[in-house]
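Chemist: Taking the hints into account, I'd like the entire structure generated from these sequences.
Residue numbers (this note's numbering), protein chains in the order written: chain A, 8 to 284; chain B, 826 to 1028.
Derived from the structure by calculation, the hints contain no laboratory data. Each hint should be verified, as a subset may be incorrect.
[Stated by the list, open to error] What follows is a set of in silico ranges between Cβ atoms, one per label pair, in the way DEER data are often shown:
(1) A:Arg-66 - B:Asp-827: 22 to 30 Å
(2) B:Gln-956 - A:Asn-26: 22 to 30 Å
(3) A:Lys-61 - B:Arg-881: 28 to 36 Å
(4) B:Arg-887 - A:Leu-259: 42 to 50 Å
(5) A:Leu-98 - B:Asp-979: 43 to 51 Å
(6) B:Glu-1014 - A:Gln-33: 32 to 40 Å
(7) B:Arg-908 - A:Thr-42: 41 to 49 Å
(8) B:Lys-911 - A:Val-260: 47 to 55 Å
Don't be surprised by glycine CBs; every beta carbon is placed ideally from N, CA and C.
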Amino acid sequence: MNRQISPLEWQNLSDYLDNCLSPEAQKKLDTDLLTRPELKQALQDLRLSRTLLKSLPRRRAPKNFTLSAAALPRRIPAFPYAQAFGLASALCLFMLLFSYLTQPVLTLGLLQANGPAPLSKAAVPMAERPGSAEPTPQVFTWGGASPADGSGFGGGAKTDNSAQAQVPIPPSAPAAALAPTSSGPADKTSPAPVPMAAAAPPEGANAPAVEGSGPILGIKPTAEQGLETGHSGTSLKQTPDVTTPATSVFPLVQSLLVGLAVLFALSALVSWFKYYK
Amino acid sequence: MDEIALVKSAQKGDLDSFNRLVLFYQDAVFNLACRILSDDSLASDAAQSTFISAYRNLSQFRGGSFKAWLMRMVSNKCLDELRRQKRHPQVDLEPMDSNHEEALETPSWLKDDAPSPESVIEMKELQIGIQHCLDTLPDDFKIVVLLVDVEGMDYGEAAQSIQKPLGTVKSRLARARTKLQDCLRGFRELLPAGFRLGEEEGL
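Modeler: Now the structure itself:
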């Protein structure tokens, strides 16, 4: 019988028992009850089962459940500054996460903002580095062009001992040429090779001619050494400028973190004492 | 009894006002717990725990039906207890009979929970049969039908008690009544003549 009644009709019958149907639905159900005997029987069964439930005797409480102040469990009073400490804890955690998450980003950003300086520093030739003050190896070519008598460059009586000091290109010269900022001083310290013809010694000169700024036996002139030293000093002074912003930002964050961490530890201690005492 | 005044006074910490509310509602709370749990001892514990929780959380009562608020608390307590029983079922390894002797020859604790025809005949009391049918219902359905049909709440109060929409109350109530009706057919012999389900057409 129940299969002939849809769940919606069962719900309508249940609502009908409690007078919770809308007037339209109730009128329709009244019509259906007249024409469908199974619906009428179902309504009768529902009414009887509900009457059975209502007929159940009410159980009386076996005792009074009234409360006494002594029987109530003692409630731990809330710490008056618990909210402030909780806020400090949350702030501490947030700052901690913020510092850990943003520290690499900030550092990278600072490096990128001062990008050309480190690059140019890296491109400074070895000759201009402070640690490389020792003279670069020099190559000397004695004599000028091929001798007219066909003799070689070795020593000999016939050979004109006029010498031409050819200053070779230092090994760091190509790097210096690539560096845009080091073009000024580097040019002075690494002289360009002198053409052989132009560097031909005058006739009759026995002593090796020292022309231009070429070093003699690897010892650079004092004036050029001074220039080199001055350049090295300049590059040393640029180093602190890169790290200055980073050191000025993070101590503030870290000191704030330490303060919040102390506050957090204090709140934990207070809560512990409050709970166990 | 001015329920609203008592509640407001109790919210300010007046324990006497709260105890007057307890005395007024304790039978309803215990009755509902008994019907849900089918155990007087557990129902007593649930009722006591409900009133303690109610006193502690009285500040959270925002008005409306205080009875519905209490019924929601006791319903939740009973559901928690039922869940605990399902998680940790307790079976006596050496069951004792009424004389506190081991009933090993007739181990009633081994029998099937479903009522056999003999046991149905033995259940002379109509209340046991009805309670058995109530126990066969799902917990959600049982609470709704107890609130509406046993405690006499209207749909709105029942919805407030179980914190569900009105439509949910209606559908659960209809399904619970249908299931109860089917179950009560098995106890037809126990019913008085006026309560014989489905026999009126044949008579």
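Chemist: So, against the hints stated earlier in the document, which numbers end up violated here?
Modeler: none
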